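Construct the entire structure; sequences and hints are all you get.
Residue 36 is where the sequence shown starts when you use this note's numbering, and the numbers rise one by one after that.
No lab work stands behind these hints: they were computed from the structure. Hints are not guaranteed to be accurate.
DSSO-like mimics (lysine-lysine), calculated; alpha carbons at most 30 Å apart, straight line [what the hints assert, rightly or not]: (1) 83 / 53; (2) 65 / 53; (3) 65 / 78; (4) 143 / 91; (5) 103 / 83.
Derived CB-CB ranges, DEER-like [as the list claims (entries may be wrong)]: (6) 139 / 91: 20 to 26 Å; (7) 76 / 159: 41 to 47 Å; (8) 133 / 60: 33 to 39 Å; (9) 91 / 54: 44 to 50 Å; (10) 130 / 85: 56 to 62 Å.
Note that the structure is predicted; figures quoted are calculated from it, not measured. Ideal Cβ placement from N, Cα and C applies to all residues, glycine included.
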Amino acid sequence: MKKIIESLSKSYHDLEKKIRNIKMNQRNLKQLVPTMSSSSLVKAELEKILGGRFSKTQIQLMQNGNGKTWWSENDISRALCLRAKSVTSYDFVRSSWRIPLLSLPTLKNWVKNIQLVAGILQSVICVMPIPSRAR
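Rendered as structure tokens:
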């Protein structure tokens, strides 16, 4: 009976020691979690890294997954430029590389609503590059 009591006592002390270690590890982890999971810090870092190549809307879609979004005019114009080069390239970038881009029906609807005035477009001429003259 004495051996059983000693064995139980030893097991009890070992368990208490393990519980103290677990509680200490838990306290250490709680201290680390706020610095690791600060979502605003993570979002800022992502925007800093990806901001040169992707728009804010695209970065948000990468973070939150696919969903309904409102595209900016800049996003639409960039998508139209790529789509104008090649539909195949547009589909490849969108599906294989999984880069968030407007769907083709959205682009078509947007283009359908563009209204152009007949005649010379002065605003376009101002933006066009002037070719250099050969002497």
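How the hints compare with the structure:
Restraint check for residue 83 and residue 53: not satisfied, since their Cα atoms lie roughly 43 Å apart, outside the 30 Å limit. Distance hint between residue 65 and residue 53 is fulfilled; the C-alpha atoms sit about 18 Å from each other, no more than 30 Å. For the hint linking residue 65 to residue 78, the alpha-carbon distance of about 21 Å falls within 30 Å, and the restraint holds. For the suggested pair residue 143 and residue 91, the alpha carbons sit about 22 Å apart, so the restraint of at most 30 Å is met.
The straight-line distance between the Cα atoms of residue 103 and residue 83 is roughly 24 Å, inside the 30 Å bound, and the hint therefore holds. The given range of 20 to 26 Å is respected by residue 139 and residue 91, whose C-beta atoms sit roughly 22 Å from each other. Distance hint check: the CB atoms of residue 76 and residue 159 are about 43 Å apart, consistent with the given range 41 to 47 Å. Checked against the hint of 33 to 39 Å, the C-beta distance between residue 133 and residue 60 comes to roughly 38 Å, which is consistent with it.
For residue 91 paired with residue 54, a C-beta distance near 47 Å keeps the hint of 44 to 50 Å intact. A hinted range of 56 to 62 Å for the beta carbons of residue 130 and residue 85 is inconsistent with their spacing of about 20 Å.
Going through the hint list in order, the structure does not satisfy hints 1, 10.
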